[in-house]
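Generate coordinates for the entire structure from the input sequences, incorporating the hints supplied.
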Amino acid sequence: MKQIIILCSIIFMCTTQLSHAQSIDKKLLENAKFSGADTHNQHYKAIYQLDSNNPDVVKKAFRNIKNVLNDPRLKGKIDLELITFSGGTEVMLKDSGYADALKELIDKGVIVAQCSNSLQERSLKKDQLYDFIGYVPSGNGELVIRASEGWVIVKP
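Be aware that the sequence shown starts at 1, since it is given in the working numbering, and climbs by one per residue.
Keep in mind that the hints were calculated from the coordinates and are not lab data. Even for Gly, the Cβ is constructed at its ideal location relative to N, Cα and C. Each hint should be verified, as a subset may be incorrect.
[Stated by the list, open to error] Just the calculated beta-carbon pair ranges, DEER-fashion:
| id | residue 1 | residue 2 | range |
| --- | --- | --- | --- |
| 1 | K33 | G97 | 37 to 45 angstroms |
| 2 | D25 | K60 | 15 to 23 angstroms |
| 3 | G134 | D38 | 30 to 38 angstroms |
| 4 | F34 | K94 | 27 to 35 angstroms |
| 5 | K94 | N41 | 54 to 62 angstroms |
| 6 | K94 | H40 | 36 to 44 angstroms |
| 7 | D25 | V144 | 41 to 49 angstroms |
| 8 | D100 | G76 | 23 to 31 angstroms |
| 9 | H40 | L69 | 17 to 25 angstroms |
| 10 | L29 | P55 | 36 to 44 angstroms |
[As the list claims (entries may be wrong)] Okay, derived cross-link-like pairs now, DSS-like style, lysine-lysine, Cα gap no bigger than 30 angstroms in a straight line:
| id | residue 1 | residue 2 |
| --- | --- | --- |
| 11 | K155 | K66 |
| 12 | K126 | K108 |
| 13 | K155 | K60 |
| 14 | K75 | K125 |
| 15 | K94 | K33 |
Next comes the structure, spelled out in structure tokens:
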């Protein structure tokens, strides 16, 4: 009797493990079929927060914006804004070397704007920054307003 119980237990455990392995295989196959979320809204809005002058972070922000602009699901369905403040202010300085990258974003319809508070805190004048950028009174204020309007805030 004891042997039968042990045998039944082993069979049950093997069956359970096989069933679990099949379940995992099924989940792996389902996952491999995933191709991203469907767009259900007619329009999307995102604001990119750039508050760092770290070249890797700056390049990442530009790359992220380009990637979202090239996402076929969002073509013609997205408004984007890049807001710089704090350390990100340095990206907007005329000698920063980012003029072409910023112009390219603007050409693709991205609003590019600088926080005026950061200029004041850094004792900078608008004529030290690129003449093609916009200004907002407060970078954080812009984020709060945009968030309350349903914009997604992205911090690269």
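Tell me, in ascending order, the numbers of any earlier hints that this structure violates. The structure breaks hints 2, 4, 5, 14, 15; every other hint is satisfied.
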